[in-house]
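Q: Just so you know, the sequences run in chain order S and L. For the first sequence, my numbering gives the first residue as 1, with consecutive numbering after it. For the second sequence, my numbering gives the first residue as 1, with consecutive numbering after it.
Don't take every hint at face value.
[What the hints assert, rightly or not] In the BS3-like style, the derived pairs of lysine-lysine whose C-alpha atoms are separated by at most 27 Å in a straight line are:
| # | chain 1 | residue 1 | chain 2 | residue 2 |
| --- | --- | --- | --- | --- |
| 1 | L | Lys32 | S | Lys25 |
| 2 | S | Lys428 | S | Lys409 |
| 3 | L | Lys131 | S | Lys111 |
| 4 | L | Lys107 | S | Lys74 |
| 5 | S | Lys111 | L | Lys121 |
[As the list claims (entries may be wrong)] Chain L is faced by these chain S residues, among others (derived, beta-carbon under 10 Å):
| # | residue |
| --- | --- |
| 6 | Lys74 |
| 7 | Glu101 |
| 8 | Asp109 |
| 9 | Ile121 |
| 10 | Lys498 |
| 11 | Pro503 |
| 12 | Ile524 |
| 13 | Ile567 |
| 14 | Ile616 |
| 15 | Asp631 |
| 16 | Ile634 |
| 17 | Ile641 |
| 18 | Ala642 |
| 19 | Asn643 |
[Stated by the list, open to error] Not the full set, but computed from the structure, chain L residues with beta-carbon under 8 Å of chain S:
| # | residue |
| --- | --- |
| 20 | Lys19 |
| 21 | Ile25 |
| 22 | Ala49 |
| 23 | Ile50 |
| 24 | Pro52 |
| 25 | Trp54 |
| 26 | Asp74 |
| 27 | Ile88 |
Since the hints were derived computationally from the structure, they do not count as laboratory data. Even for Gly, the Cβ is constructed at its ideal location relative to N, Cα and C.
Chain by chain, the residues:
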Amino acid sequence: MKENRIGVYICHCGGNISDYVDVNKVKEAVENDEGIALSKTTIFACADSNQKEMVEDIKEQNLSGVVVASCSPKLHLLTFRSVSERAGLNKYNYVHANIREQVSWAHSDDKIGATEKAIQIVKAAIAKVKLAEPLEPITVPTVNAVAVIGAGIAGMRAAIELADAGSNVILLEREFFIGGRIAQFDNLCVSNETGKELITRLYNEVMSHENVTLYTGAELVETSGSVGDFKIKIKVTPRYINSHCAKGELQKAIDVCPVKVPDEFNFNITDRKAIYHNYPSEYPQLPVIDMKNCTRCGECEKVCSSIDFSQKEKIIESNVGSILVATGFDPYEPEVGEFGYKTIENVVTLPQFKRIVHYAKDKLLYKGKLVRNIAYIYCVGSRQLDGENKYCSRYCCTSNIYAAITAKKQFGNINNFHFNRGIRTYGKQELLYDESSRMGDIYLQSFEDLPPTVESVNGKTVVKINDYLTGGKELEVEADLVVLVTGMVPRKDNSIEKLLKIPKGRDKFFNEIHMKLRPVETVIDGVTIAGACQGPKNIMESMNSALAAATKSFSLVDSGELAHEPIVAIVNADNCTYCDLCSQACPFDAIQMIEYNGKSIAEINNSTCKGCGMCIPVCPTNALDLTSFTDKEIFSMIDAIANHS
Amino acid sequence: MEGGKVNNGPKILVFSTEKISDPAIDMAGLLKLHYPPTVYTISVPCSSAIKPIWILRALDQGFDGVFIAADGTDCPYSESCTDNTGKIVSNTMEIMKSRGMDPARLKMAAICSVCSEPFVKHVKSFTEYLKNHSKN
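With the sequences and hints as input, model every part of the structure.
A: Structure follows, in structure tokens:
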């Protein structure tokens, strides 16, 4: 039996641990245990200096195993495994003990209890490391392809980056046109480009890249496999229009369509036909027939030879090594009656206001009436005191001030009144706030407990506020238009979340593993997230995260093989009688029957086994174990915690 | 530790899962949602991998209760995880009954990756239950 020489490091984590756990007591409680070669406390275990010291310790003391008791393994398990490797110790002879999230912070109200628990957690880790076997990673081949879900600005940017790096990209867009929310934006601050210009540039790059295949009207409907080799199924809905058609016929087909439905692209302020495109130069430059609303009257077929109702839905299967999710956001839809929304005629949301400005020519009109006084009510659907959306949506202050300045410059004679809760035009965007103030915009402020009110008084819409900036004086504005500055919320239809099992945060947006240290990875190996599906972001922030996610996905698929954790099921041939229950329990078809020493036993395919362990409890003869979670290891941990007191 | 046992409350062993319930339990700490320090966690890849003999070992070794923080429908491995874990729990409960043990000393609940508050609620109420019911 090997001689145990274990090194134990107890981290203060500044004071995050040592303010509540007596780390010296923990050290003293374990230092004289059998097999402990050294035991130390350290201010920051993850600090470079401590890592160097650990490397020296492992070499000089010839350590056979290491335990670091610090933060969650989600943060630094890999850090300390890497320290072990650098010192020549197999990284699976390292065991992590979580005494921050699960001890010092969870029990900050009970220092004695926390210290006691920390000792037992460390003892359990020591018990496990004593039994830990050196393991080698299992390498599996990877497919150098990435599925990017969502062809908005983040998805397209990520797709181009991946394609440039040499990966094949399958870019999926559920809508029939690319560009996502940015297609609905006109001028963007601070560059004054339009959203359409940005997406046109990206679309041209996407389409000219041989490594990118774009599917519109396409949804991911099934996935199996795992990081390195996901098998995906894509459902592609047809456009019912052939791509090669005579010039002018399509416009005729749109013109003759008798169906009118609210145009969601314009946030329902206009109507569209059942055969439509969102705007004339939109990409792909081929309209689509919305079969949910089409009555099959046949009028379009009479004037356009390209209409083809025989087109069928297609299922496309493919393999990819990673999936990058960039599905974006929905604008917050106010409740009926919230600041007069849908109960007072001239109350609109910020996205609607932008479309109104877009369509206005010389004068700003709303429902035929000239607009001069505009009241903007901020933080609608964000920073809610009682509602679910506690967060700030980050982009709306800037976006709204920019829209207000644009309206003023474009139409003149506009008076902007900003009913805000504190303006958050951070960074360079502060210049806009300054410009708006210089242009004479009026800022009125209140807090969440006393928001402004919107009332209809004798046919006039009046916005009232107790303005904090003028000592709480009640001020009112007779508004021709009230704009509710709405924030971002997660997509209503987020079927991708269920399909890929991406965890959500408290804000209901997709959750990264760690917001600072692993900001684009999810707990689902191989699935990365980018853009506003992760939380409110402006375009620049979305680009940053798209590039980060592309890089992370690329790193998973590029090398041609991926090192998997060597956590796999192990068969004890002596006990196994091959009853087939394990094979039935395995979700990955990783168990086969083989003949061994004259009898049938189970054999594990290590490259397809995902180490879930679903097979091990079903074995009636207890012939199965899981690497690193063997009966011996689990028992030793249970005993260490139970018996220590 | 010299000075004897400080934590006198019922001892609970939580089998938690690395990808789903561990993050929730970590976040409970982050949010300083306090629960008794006599609740200890051992992480496993999936709640469908927990062997009944592990649960029985814990109860035999002096844990008052075992709580399985199951993956539920969030399991990244299989949609059948909820059923699988449920079977493990019911099989183990049968063994416990046959040994004259209170099957309520084993509890299971699905704990999603952000279910910090439900986790704390479960372990607190489980602690109360165990406090009020002596071992048998």
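Q: So, against the hints stated earlier in the document, which numbers end up violated here?
A: none
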